[in-house]
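Student: Protein chains in written order, with our numbering: chain A, 1 to 273; chain B, 1 to 273.
Just so you know, the hints here were simulated from the structure itself, not pulled from any lab data. Just so you know, not all the hints are guaranteed correct.
No distinction is drawn between identical chains; accordingly, a pair holds when it is met within one copy or between any pair of copies.
[As the list claims (entries may be wrong)] Keeping only pairs whose Cα atoms sit at most 30 Å apart, straight-line, the calculated DSBU-like set for lysine-lysine is:
hint : residue 1 : residue 2
1    : K48       : K188
2    : K188      : K61
3    : K48       : K61
4    : K188      : K145
5    : K194      : K61
On a predicted model such as this, the values are computed, not experimentally measured, just so you know.
Protein chains: 2
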Amino acid sequence: MERSVFFISDGTGITAESFGQSLLAQFSGPTFCHHTLPYIDTREKAVKALMQITEAHQAEKVQPIIFMTVLNEEVSQLMHTSGAYIIDLFSTFLPGLEIELESHPLYTVGKKRSTTSSDSYHRRIEAVQFALDNDDGARFRHYEKADIILLGASRSGKTPTCIYLGLQFGIFAANYPITEDDLDKGTKLPDVLKPHKERLFGLTINPVRLAGIRNERRPNSRYSSARQCQYEVHAVEQIYRQEQISYIDTTEFSVEEIATRIMDQANLVRRLK
Amino acid sequence: MERSVFFISDGTGITAESFGQSLLAQFSGPTFCHHTLPYIDTREKAVKALMQITEAHQAEKVQPIIFMTVLNEEVSQLMHTSGAYIIDLFSTFLPGLEIELESHPLYTVGKKRSTTSSDSYHRRIEAVQFALDNDDGARFRHYEKADIILLGASRSGKTPTCIYLGLQFGIFAANYPITEDDLDKGTKLPDVLKPHKERLFGLTINPVRLAGIRNERRPNSRYSSARQCQYEVHAVEQIYRQEQISYIDTTEFSVEEIATRIMDQANLVRRLK
């Protein structure tokens with residue numbers, strides 16, 4: 001038996017969704033069916049959303065749950081007539097904050113200074129571009145400009161982490177894959193990385209998980225064999241320990257968790273205001 | 001006069017931060033000084049955080065504000081002794097939800113089904129890889145597999161949007177830059193895109209803004225001149241209208257907004273559970 005959950009916003013819906021998912025993940029019992037309805041910023045769209053909510057209610061014979069971040073007052077009021085169980089993030093906290101700050105809310109949708117200001121926009125785009133240009137050991141000549149250089153065996157999560165660090169925090173992140181060619185020269189730090197030691201950060205991963213990921217890309221190859229994955233992971237971790245390079249195990253983590261843990265452990269300062 | 005705001009979490013802190021920023025952006029008056037403290041999951045870390053909060057309080061002579069998503073009960077209680085103005089996202093809503101769902105919360109940190117399950121992890125990584133492999137018109141042979149193909153003049157925001165669509169929604173997004181070479185052949189859809197018309201989506205941008213962005217990359221070039229940017233944007237928009245391709249103006253939007261609006265307008269179904 002499923003229970004419908006609606007994430008409703010007159011903006012992107014990202015906050016409602018991310019908060020709602022965290023909260024619902026605390027309950028192991030029911031199975032939820034997610035619906036994200038962003039940009040509900042007119043009466044017409046709100047009425048259409050209401051119909052969808054009512055349909056779910058009738059089909060499932062249980063109140064749907066709404067997580068909402070809605071500033072538009074008309075939309076907000078309409079949602080409160082839905083008969084759903086509502087978690088209303090803005091109305092719960094805005095009035096208290098208004099008193100505390102002795103200032104009136106603007107009630108303007110889509111205001112989020114950090115991501116829309118022109119400076120931040122540039123920095124984010126530059127940082128993503130930096131991650132792409134300096135992905136996979138493609139070149140080293142910009143390592144001087146990097147805030148951090150991620151190391152790891154092929155497919156241990158370096159690329160998406162670098163991109164996320166750029167997008168979310170404006171961090172310039174390069175990455176260097178430690179390959180078999182490197183390891184053939186001995187279990188030691190590749191020469192090209194030596195001048196940048198203080199900026200290195202390692203990723204490691206459970207070899208079985210790594211084999212699974214590699215198998216999706218090159219099935220039944222030497223590259224994706226259990227033995228090869230075990231060898232590479234083992235060698236890479238040995239280098240980290242030898243050289244006292246901080247590292248984390250990405251096996252159980254999402255990209256967001258890997259990136260925020262690196263920010264934390266490497267004491268990186270975010271570059272977006 | 002600044003007022004400190006702390007985003008405190010025993011997880012990544014992303015939810016506390018994103019919600020707190022949305023809420024604070026509604027107040028134009030005060031200037032806030034942001035501190036994100038993620039992974040506060042032990043008594044020791046909580047005590048250290050408390051010291052930082054107390055210092056800010058004393059220096060600024062005004063209560064700091066805390067947005068918190070903390071499941072660890074000891075940490076949560078300690079934060080409530082801080083003397084700050086607290087917006088406690090979990091304790092505000094968990095008890096009500098517990099009654100509504102007739103189920104006990106797990107109180108386990110870092111549970112967020114959508115981003116950590118192995119299937120979703122694979123899909124996200126594959127989608128980011130797809131965006132990278134099919135970036136900037138690099139190749140067309142995978143266009144069949146694309147959920148969407150973004151068009152636009154160079155530097156109108158295609159790459160970060162494609163990556164974000166992959167990371168956030170598991171969408172396979174390719175992109176094709178409409179270049180001067182294309183436009184020299186006439187103001188029409190490049191041949192290579194014709195078989196994929198139903199999957200095309202256009203980006204456009206204010207030419208002045210575009211010139212600013214291009215100038216950061218190649219200062220004082222023909223490529224970044226006002227005249228060239230105006231010409232390209234104008235021609236690209238004409239193609240969209242001629243071919244009835246949906247498009248959006250990215251000038252005032254963050255990457256998140258561009259991506260979520262495309263999801264909405266193109267009726268894309270997210271690929272992450």
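Student: Look at each hint and say if it fits the structure.
Tutor: For each hint, the structure was consulted:
1. In this assembly of identical chains, the alpha carbons of K48 and K188 never lie at most 30 Å apart, being 62 Å within a copy and 37 Å across copies at closest.
2. Taking the closest pair of Cα atoms, K188 and K61 never come within 30 Å of each other, the shortest separation being 63 Å inside a single copy and 52 Å across copies.
3. For a Cα distance limit of 30 Å, the shortest separation of K48 from K61 inside one copy, 20 Å, qualifies, whereas the shortest one across copies, 48 Å, does not.
4. With identical chains, the CA atoms of K188 and K145 are at most 30 Å apart within one copy only, with a shortest distance of 24 Å there and 41 Å across copies.
5. Proximity of K194 to K61 under the C-alpha cut-off of 30 Å is found in neither arrangement, the shortest distances being 64 Å within a copy and 47 Å between copies.
The structure shown violates the earlier hints numbered 1, 2, 5.
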